[in-house]
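Novice: As given, the protein sequences belong to chains A and B, one line each in that order. Oh and the first sequence: position 157 is 157 in this note's numbering, straight run, nothing missing. Oh and the second sequence: position 19 is 19 in this note's numbering, straight run, nothing missing.
Some clues are possibly wrong.
Stated by the list, open to error - Derived, one-sided and incomplete: chain A residues facing chain B with beta-carbon distance under 10 Å: (1) SER81; (2) VAL248; (3) LYS290.
To be verified - Mimicking SDA-like on lysine to any residue, the simulated pairs with C-alpha atoms at most 20 Å apart in a straight line are: (4) LYS224(B) with GLY142(A); (5) LYS250(B) with PRO231(B); (6) LYS245(B) with ASP298(A); (7) LYS155(B) with GLN189(A); (8) LYS14(A) with ILE166(B); (9) LYS191(A) with ASP15(B); (10) LYS191(A) with VAL149(B); (11) LYS291(A) with GLY237(B); (12) LYS233(B) with ASP147(A); (13) LYS193(A) with ASN148(B); (14) LYS153(B) with THR192(A); (15) LYS329(A) with LYS245(B); (16) LYS51(A) with SER36(A); (17) LYS89(A) with ILE183(A); (18) LYS257(B) with GLN332(A); (19) LYS287(A) with GLN236(B); (20) LYS14(A) with ILE198(A); (21) LYS329(A) with MET252(B); (22) LYS316(A) with GLU225(A); (23) LYS155(B) with ILE166(B); (24) LYS155(B) with PRO187(A); (25) LYS197(A) with PHE13(A); (26) LYS191(A) with ILE166(B); (27) LYS224(B) with GLU51(B); (28) LYS287(A) with ASP15(B).
Just so you know, these hints were derived from the structure itself, not from any lab. The structure displayed is predicted, hence computed values, not measured ones. Here a beta-carbon is modelled for each residue, glycine too, at the ideal position from N, C-alpha and C.
So the chains spell out like this:
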Amino acid sequence: MADNKDIWVFIEFKKNSIRGVSFEIIGKAKELAKKSNEKVCVVLLGSNVSKFCEDFSYHGIDRIYLCEDSILGEYLTETFSSILINLIKEYIPSILLFPATKLGRDLAPRIAAALETGLTADCIELDIQDGNLVQTRTVYGGNYLADIICPKNRPQMATVRPNVMERSEALEKNQPEIINVPIDIDPNQLKTKVTEKIETTVIDIKPIDEADVIVSGGRGIGSKENFKIIDELAGVLNAAVGASRAAVDAGWISKSCQVGQSGTVVCPNIYIACGISGTTQHLVGMKSSKKIIAINKDPNAPIFDVCDYGIVGDYKVIVPLLTEALKEKLSQD
Amino acid sequence: MRFIVCVKQVPESNDLKIDPNANRVLKKGVSTIINFFDQFVLEEASKIRKEGDEIIAISMGDSETKSTLMRCLALGADKAILLNDEKFLESDTFGTSNILAAALKKIGDYDIIFCGNSSLDTGSGQVGPEIAERLDLPQVTYTESIENVEIGKIKIKVQTDEGYSIIESELPLVIAGIPPSYYQPSIPPLPKIIAAQKKPFEVWNAEDIKGDKSKFGSAGSLIKIIKLYKPPKREQGIVITDEPKAAIEKLMELLNKDKVI
Ligand SMILES: Cc1cc2nc3c(=O)[nH]c(=O)nc-3n(C[C@H](O)[C@H](O)[C@H](O)COP(=O)(O)OP(=O)(O)OC[C@H]3O[C@@H](n4cnc5c(N)ncnc54)[C@H](O)[C@@H]3O)c2cc1C
Ligand SMILES: Nc1ncnc2c1ncn2[C@@H]1O[C@H](COP(=O)(O)O)[C@@H](O)[C@H]1O
Numbered sequence: 001m002a003d004n005k006d007i008w009v010f011i012e013f014k015k016n017s018i019r020g021v022s023f024e025i026i027g028k029a030k031e032l033a034k035k036s037n038e039k040v041c042v043v044l045l046g047s048n049v050s051k052f053c054e055d056f057s058y059h060g061i062d063r064i065y066l067c068e069d070s071i072l073g074e075y076l077t078e079t080f081s082s083i084l085i086n087l088i089k090e091y092i093p094s095i096l097l098f099p100a101t102k103l104g105r106d107l108a109p110r111i112a113a114a115l116e117t118g119l120t121a122d123c124i125e126l127d128i129q130d131g132n133l134v135q136t137r138t139v140y141g142g143n144y145l146a147d148i149i150c151p152k153n154r155p156q157m158a159t160v161r162p163n164v165m166e167r168s169e170a171l172e173k174n175q176p177e178i179i180n181v182p183i184d185i186d187p188n189q190l191k192t193k194v195t196e197k198i199e200t201t202v203i204d205i206k207p208i209d210e211a212d213v214i215v216s217g218g219r220g221i222g223s224k225e226n227f228k229i230i231d232e233l234a235g236v237l238n239a240a241v242g243a244s245r246a247a248v249d250a251g252w253i254s255k256s257c258q259v260g261q262s263g264t265v266v267c268p269n270i271y272i273a274c275g276i277s278g279t280t281q282h283l284v285g286m287k288s289s290k291k292i293i294a295i296n297k298d299p300n301a302p303i304f305d306v307c308d309y310g311i312v313g314d315y316k317v318i319v320p321l322l323t324e325a326l327k328e329k330l331s332q333d
Numbered sequence: 001m002r003f004i005v006c007v008k009q010v011p012e013s014n015d016l017k018i019d020p021n022a023n024r025v026l027k028k029g030v031s032t033i034i035n036f037f038d039q040f041v042l043e044e045a046s047k048i049r050k051e052g053d054e055i056i057a058i059s060m061g062d063s064e065t066k067s068t069l070m071r072c073l074a075l076g077a078d079k080a081i082l083l084n085d086e087k088f089l090e091s092d093t094f095g096t097s098n099i100l101a102a103a104l105k106k107i108g109d110y111d112i113i114f115c116g117n118s119s120l121d122t123g124s125g126q127v128g129p130e131i132a133e134r135l136d137l138p139q140v141t142y143t144e145s146i147e148n149v150e151i152g153k154i155k156i157k158v159q160t161d162e163g164y165s166i167i168e169s170e171l172p173l174v175i176a177g178i179p180p181s182y183y184q185p186s187i188p189p190l191p192k193i194i195a196a197q198k199k200p201f202e203v204w205n206a207e208d209i210k211g212d213k214s215k216f217g218s219a220g221s222l223i224k225i226i227k228l229y230k231p232p233k234r235e236q237g238i239v240i241t242d243e244p245k246a247a248i249e250k251l252m253e254l255l256n257k258d259k260v261i
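Please construct the entire structure, taking both the sequences and the accompanying hints into account.
Specialist: This is the structure:
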């Protein structure tokens, strides 16, 4: 355990860019590193990722582990996990942080199992106390928070929820050491392969868990056509569109937009809930948003118990008025 | 083919009381049910099964977990195995996946191991990938649908941030989670509940599954909850009940004042 040192951040890419959550985790990692007097390192795996090394030289990072190979262009659990497991065994970090995204949630537990160490998923806060990483996550459907440590084993592993940590600020340029990680994978030995990719969302739109503003619609929206009213408000705010499960189940909007327990947990700066009652399963997914605005015609809807601002009324009247008012306001700024 | 479905019994409601001295919730007297996501994967497994295939439901839990497994038998599982031993108590994810992996090794022969999306109480979808690693099997998470299964091969549609991917894999593999949509859990009819009584039901303890006991239960737990507490309450918000135009004016003023927009 004494040999373990450094805080590693696994970097996730999306098409031709670094996913924003990576810089949020780096921001937190730097804070932790200061407290524990350690170094921050990043791990880059992909087919064409060396060009991103430059981006990390403005964040006070000490070392970049770089593994570049065409076989890594497509994420596969087996390729990514085997490379990481070997790398971690060789350089023995003390803390290992992943984004709590689809990829991170697939990959991190696999690695924790191989390294025989603990993993805390979906952390919303991290701290160092008495040499341990204190990892905070919600449990019991958001009814409780738990502070968790992994006292006996190293590395300490966590996945970190997007949009809750402060992004790392760019600093003066430095020269992180680059370690080229060799890759030894025989493509013929792989058990899985991706044979097709189907893109249903517009590529330039951020995934819902990384959006700063989300406008969501629920059963109260009434139809697929009516979601246009939601889209228009979202357009003005440059926001992502979300939904309750009732709206997804009705087929008005795609499953990837679902916020909540069986959808995505989001934490935007502003969450606008329209025609959503606010059941616990929905609240789990958005309750930690920084500001919540609710529009519902039922004054007793539970969503009003968690909102910062609420308007009681028909969204068909309220939302277009709000869209206009915001359009005007934003054009003045 | 043989499908194994891992199911967990969880509290029916997450509105639980805390034991203030022990950093855990009080479970005595709390009613329990099958983890919603696990019933969903069991029903999905039942849909793809063909004549001659077998579905085994397996659960690590206390003796009350029998009720959850009986429900699985009524919902279409052919056989149920309860992993029950004092040594299993207080297992974290590490312990749970070690116990399940040891039991799966004892079963030995399987084509697909199904896990739910996550446990609705304290889980986060880790057990499935951890089992896969321990058994050296491929895994998929965020499954949208199973497109095709044949001996030794499977084709699965998985959810990605951009949409979907089709993944082809060798069998056996672990399907660690199928997020449901359009789903109402079915309630088994009485004749199926009665028929379930006659289906094979086994209880295995730590001796039966062999494995490394130091990795089971509280002895093998790697994580420790040092504090369990209520999240800070949100401040009471302002709910506006004025006529639409006035309401919007008021809201815009507030948003301005609070520098939200
Ligand atoms: C295990 C499990 C997991 C689940 N996971 C999720 C999840 O991930 N996400 C999720 O959202 N749900 C989830 N649910 C479902 C959840 O319980 C609710 O069924 C769902 O959230 C309800 O969606 P809703 O608020 O849109 O609909 P409703 O509860 O029907 O509410 C509709 C609201 O719209 C209002 N309304 C109607 N017309 C208007 C109008 N013209 N103007 C303004 N307001 C109007 C009504 O007053 C009402 O409050 C899950 C359920 C289970 C059992
Ligand atoms: N005690 C258990 N017994 C059987 N299966 C379990 C148990 N705990 C978790 N699982 C399976 O693992 C999945 C993910 O659990 P978790 O990692 O706790 O979120 C669940 O949906 C179950 O399929």
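Novice: Hint by hint, say whether it matches the structure.
Specialist: The hints, checked one at a time:
1. Hint status for SER81(A): holds, given a least beta-carbon distance of 7 Å to chain B, under 10 Å.
2. For the restraint placing VAL248(A) at the interface with chain B, the shortest Cβ-Cβ distance is roughly 6 Å, inside the 10 Å limit, so the hint holds.
3. For LYS290(A), the interface hint holds, the least distance from its beta-carbon to any beta-carbon of chain B being 9 Å, beneath 10 Å.
4. Proposed proximity of LYS224(B) and GLY142(A) is supported: the alpha carbons are some 19 Å apart, at most 20 Å.
5. Restraint check for LYS250(B) and PRO231(B): the C-alpha separation of about 30 Å exceeds 20 Å, so the hint is violated.
6. Taken as a hint, the LYS245(B) and ASP298(A) pair is honoured in the structure, with Cα atoms around 18 Å apart against an allowance of 20 Å.
7. Between the alpha carbons of LYS155(B) and GLN189(A) the distance comes to roughly 18 Å, so the proposed pair stays at or under 20 Å and holds.
8. For a cut-off of 20 Å, the pair hint linking LYS14(A) to ILE166(B) stands: about 18 Å separates their Cα positions.
9. Straight-line distance between C-alpha atoms of LYS191(A) and ASP15(B) comes to about 43 Å, which puts the hinted pair past the 20 Å bound.
10. Under the criterion of a C-alpha separation no larger than 20 Å, the hint pairing LYS191(A) with VAL149(B) is consistent with the structure, at around 15 Å.
11. With a CA separation close to 10 Å, the supplied pair LYS291(A) and GLY237(B) stays within the 20 Å bound.
12. Between LYS233(B) and ASP147(A) the CA atoms are separated by roughly 17 Å; this keeps the pair inside 20 Å, and the hint holds.
13. Between the alpha carbons of LYS193(A) and ASN148(B) the distance comes to roughly 15 Å, so the proposed pair stays at or under 20 Å and holds.
14. For the given pair, LYS153(B) sits about 10 Å from THR192(A) by alpha-carbon distance, which is consistent with the 20 Å threshold.
15. At most 20 Å may separate the alpha-carbon atoms for a hinted pair to count; LYS329(A) and LYS245(B) meet this at roughly 15 Å.
16. Restraint check: the Cα-Cα separation between LYS51(A) and SER36(A) comes to about 30 Å, which exceeds 20 Å; the hinted pair is violated.
17. Using a Cα cut-off of 20 Å, the hinted pair LYS89(A) and ILE183(A) holds, with the two alpha carbons roughly 15 Å apart.
18. Note on LYS257(B) and GLN332(A): the hinted pairing holds, with a Cα-Cα distance of about 16 Å set against a maximum of 20 Å.
19. Proximity of LYS287(A) to GLN236(B) is assessed by CA-CA distance (about 13 Å); at most 20 Å being required, the pair is judged to hold.
20. With a CA separation close to 15 Å, the supplied pair LYS14(A) and ILE198(A) stays within the 20 Å bound.
21. As the CA atoms of LYS329(A) and MET252(B) are separated by approximately 9 Å, the hinted pair is consistent with the 20 Å bound.
22. Between LYS316(A) and GLU225(A), the direct Cα distance comes to roughly 12 Å. Compliance with the 20 Å bound is thereby established for this hinted pair.
23. Proposed proximity of LYS155(B) and ILE166(B) is supported: the alpha carbons are some 7 Å apart, at most 20 Å.
24. As the CA atoms of LYS155(B) and PRO187(A) are separated by approximately 18 Å, the hinted pair is consistent with the 20 Å bound.
25. Of the pairs offered as hints, the one joining LYS197(A) and PHE13(A) holds, with about 16 Å between alpha carbons and a cut-off of 20 Å not exceeded.
26. Note on LYS191(A) and ILE166(B): the hinted pairing holds, with a Cα-Cα distance of about 14 Å set against a maximum of 20 Å.
27. Simply put, LYS224(B) and GLU51(B) have alpha-carbon atoms about 46 Å apart, too far for the 20 Å limit, and the pair is violated.
28. At roughly 16 Å between alpha-carbon atoms, LYS287(A) and ASP15(B) fall within 20 Å of each other, so this suggested pair holds.
Hints 5, 9, 16, 27 from the earlier list are contradicted by this structure; the remaining hints agree with it.
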